[in-house]
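First to last, the protein sequences are chains A and B. So in the numbering used here the end of the first sequence lands on 373, straight run, no missing numbers. So in the numbering used here the end of the second sequence lands on 1265, straight run, no missing numbers.
Take these hints with a grain of salt, some might be off.
[Stated by the list, open to error] To give an idea of the interface, some chain B residues facing chain A are shown, with a C-beta separation under 8 angstroms as derived from the structure:
(1) R1020
(2) G1039
(3) N1146
[As the list claims (entries may be wrong)] Away from chain A, derived, C-beta distances all over 10 angstroms, residues of chain B:
(4) L991
(5) Y1042
(6) A1044
(7) N1053
(8) P1061
(9) R1089
(10) T1090
(11) M1098
(12) S1136
Hints in this document: simulated from the structure, not taken from any laboratory. Heads up, the beta-carbon is just placed ideally off N, CA and C, and yes, glycines get one too.
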Amino acid sequence: MSATESLEPAVVDPAPKPDRAAKAKERLSSPWATAAAIIIAVVWTIPTVALFMTSLIPGDRYRTDAWWTVMADGGLTFANFNQVLFDSFGDNSTAPPLLEYVFNSIVVTVPAVVFPVVLGLMAAYAFAWIPFKGSNFLFVLIFALQVVPLQAALIPLLRILGPENLGLAGEFSGVWIAHTIFALPLSVFLLHNFVAHIPREVLEAARVDGASHTQMFFRIIIPLSLPAVASLAIFQFLWVWNDLLVSAVFGSANTYPLTYPISNLAGDYGQYAYLVPPAAFISMIIPLIVFFSLQRYFVRGLLAGSTKG
Amino acid sequence: MGSTELLAAGLRVPAADLGADFWADQGKNLLFGAVAIVAFIAIVALIMFGADLIKGRARDRVQLVVLVAPVLILLGIGLVYPAIDTAWLSFNEISQEPDPDTGIYTTAMSFVGLDNYRFAFTDPGTLRTILNTFVWMILVPLLSTGFGLAYAVFIDKAKGEKVLKSLVFMPMAISLVGASVIWGNIMYDYNQVGEQTGMLNALREPVRHGPLQLPARQPVEHLLAHRHPGVDSDRFRDGDSLGSHQGCPAGDERGGVSRRRQRVAAVLEDHHAVDPLHDCGGPHHDHDHGAQGLRHCPHGHPGP
Chain A
65 MSATESLEPA VVDPAPKPDR AAKAKERLSS PWATAAAIII AVVWTIPTVA LFMTSLIPGD
125 RYRTDAWWTV MADGGLTFAN FNQVLFDSFG DNSTAPPLLE YVFNSIVVTV PAVVFPVVLG
185 LMAAYAFAWI PFKGSNFLFV LIFALQVVPL QAALIPLLRI LGPENLGLAG EFSGVWIAHT
245 IFALPLSVFL LHNFVAHIPR EVLEAARVDG ASHTQMFFRI IIPLSLPAVA SLAIFQFLWV
305 WNDLLVSAVF GSANTYPLTY PISNLAGDYG QYAYLVPPAA FISMIIPLIV FFSLQRYFVR
365 GLLAGSTKG
Chain B
962 MGSTELLAAG LRVPAADLGA DFWADQGKNL LFGAVAIVAF IAIVALIMFG ADLIKGRARD
1022 RVQLVVLVAP VLILLGIGLV YPAIDTAWLS FNEISQEPDP DTGIYTTAMS FVGLDNYRFA
1082 FTDPGTLRTI LNTFVWMILV PLLSTGFGLA YAVFIDKAKG EKVLKSLVFM PMAISLVGAS
1142 VIWGNIMYDY NQVGEQTGML NALREPVRHG PLQLPARQPV EHLLAHRHPG VDSDRFRDGD
1202 SLGSHQGCPA GDERGGVSRR RQRVAAVLED HHAVDPLHDC GGPHHDHDHG AQGLRHCPHG
1262 HPGP
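Throw the hints in and build the complete structure from the sequences for me.
Structure representation (structure tokens):
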């Protein structure tokens, strides 16, 4: 309400600019709003902090004591992290350590980010700047494919990748292909929106100079669309790193990512339940680092589909 | 000697425990991933520059095909064909029957028309999941948009916008598996005896005694039971209304407990001592008895 009120004097009273801006700023930033925003932010952060604190509870107290009790008597320890990462994680002491799954997650994720981004950028350029018959129809079709739930594609695609046909299911390459395919519609769509807003003059000038599509793609499209590529890459990274379903269906014991062993034990009331919180926290660290270090691009990516330029 | 041993134990390099095999395997996998990326980019670049060598009018057309074909082929194989195949499979029944001559079990697929759909729309379990989906589809966007809008208004007027915004965005980086650990094992956790280790129950305890089995209070069940009286079993309305009408304060908590949850609770009783609250119907594993139990529930708070 006060937002609309504060706009009025700005319109009526043509005061000098810096003064007006300062006034507006002062009116807009109300202490109550700040307090409310801080409270919401804190409430949103509590679960993550609670997970970290719970992961520091020693195993023999996990069942009976809450983390604040353990913290009060100084019993918190990093031993769980050591055990989970390097010793064993699972429902018995011979289960493989989580470090193995960390590596699997990396090997699954990085190529599964690169492939759809590269292929998507190629197609995005073609759909945005090369006029051809059926271009619009195909683009709309690809856009519409986002509607197909990937669950509907699991079984038929598994048959294609399975031992009867390509024999890639259970290998890293099978998981990469599945992730790439499922990412393509969004990849083409997001990048198309960005590529289409590259100034026409730039591309026309290159065209007049005799540049081919290949040259334009490498010399103009790739350098100019790097911000969109970065934001899409972050999205895709988070999606693949956090994915369970695709990796569980198309992977095998050799390729399962971090989410797989954790999901097997989550909600379990077994002897090793205290290992689940540290494992879950480990699975979050890398995406959180990626998120906080590349936030700028992330926000830009959120806007990429909605606004011009 | 003792001190050096202690030092050695403290400096124990965990990597050493994992063994050479472990590192060889992981190194091989990482190398495979790196090689795959390099090979992929090299192949794409080679094909594109190869298409650039073509002279004349065909060049543009070939390059267009090179740009678009990979995406179209992959989507055709991985989404279009599967969507059609899944739709076709949904009209068929796959059965394993012994061959009349040889007796060997063979997989046979037969067209059954709309039978599978008839099953889906009459089977109570499936029907329930469809209704659940609709309820979530309406509730979740409403709630998240509401919170989001409110937060956007606050944050717009708040100082330190960047930090606050990134804190609220942060859960986007957390996997659903991680979130389920957070909420299932930590936030919603409840103990029937002793200190509450679940954060929400711990916060609630000073106010009201007795832990709340939060995930068991399924809002969907409540909604459906009230809005669509015919949809699900009466166990729900039974438990709910009896609980509140007959003055058993725990009733509204117990009554909403689904059958599956009760089984979980029954299993848990092996680990925890029986809670006095459980006299309200918990130990009866079958819900019909559970509802009966509610009727005999003593008035007043069974509390501490």
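Hint check results:
1. R1020: holds (6 angstroms)
2. G1039: holds (3 angstroms)
3. N1146: At about 6 angstroms, which falls below the 8 angstroms cut-off, the nearest Cβ of chain A leaves the hint on N1146/B intact, so it holds.
4. L991: violated (6 angstroms)
5. Y1042: Since the minimum Cβ distance to chain A is about 6 angstroms, Y1042/B lies within 10 angstroms and the statement is violated.
6. A1044: violated (5 angstroms)
7. N1053: holds (13 angstroms)
8. P1061: holds (26 angstroms)
9. R1089: Since the minimum Cβ distance to chain A is about 18 angstroms, R1089/B lies beyond 10 angstroms and the statement holds.
10. T1090: holds (13 angstroms)
11. M1098: holds (13 angstroms)
12. S1136: At roughly 3 angstroms from the nearest Cβ of chain A, S1136/B sits no farther out than 10 angstroms, so the non-interface label is violated.
In this structure, the hints that do not hold are numbers 4, 5, 6 and 12, in rising order.
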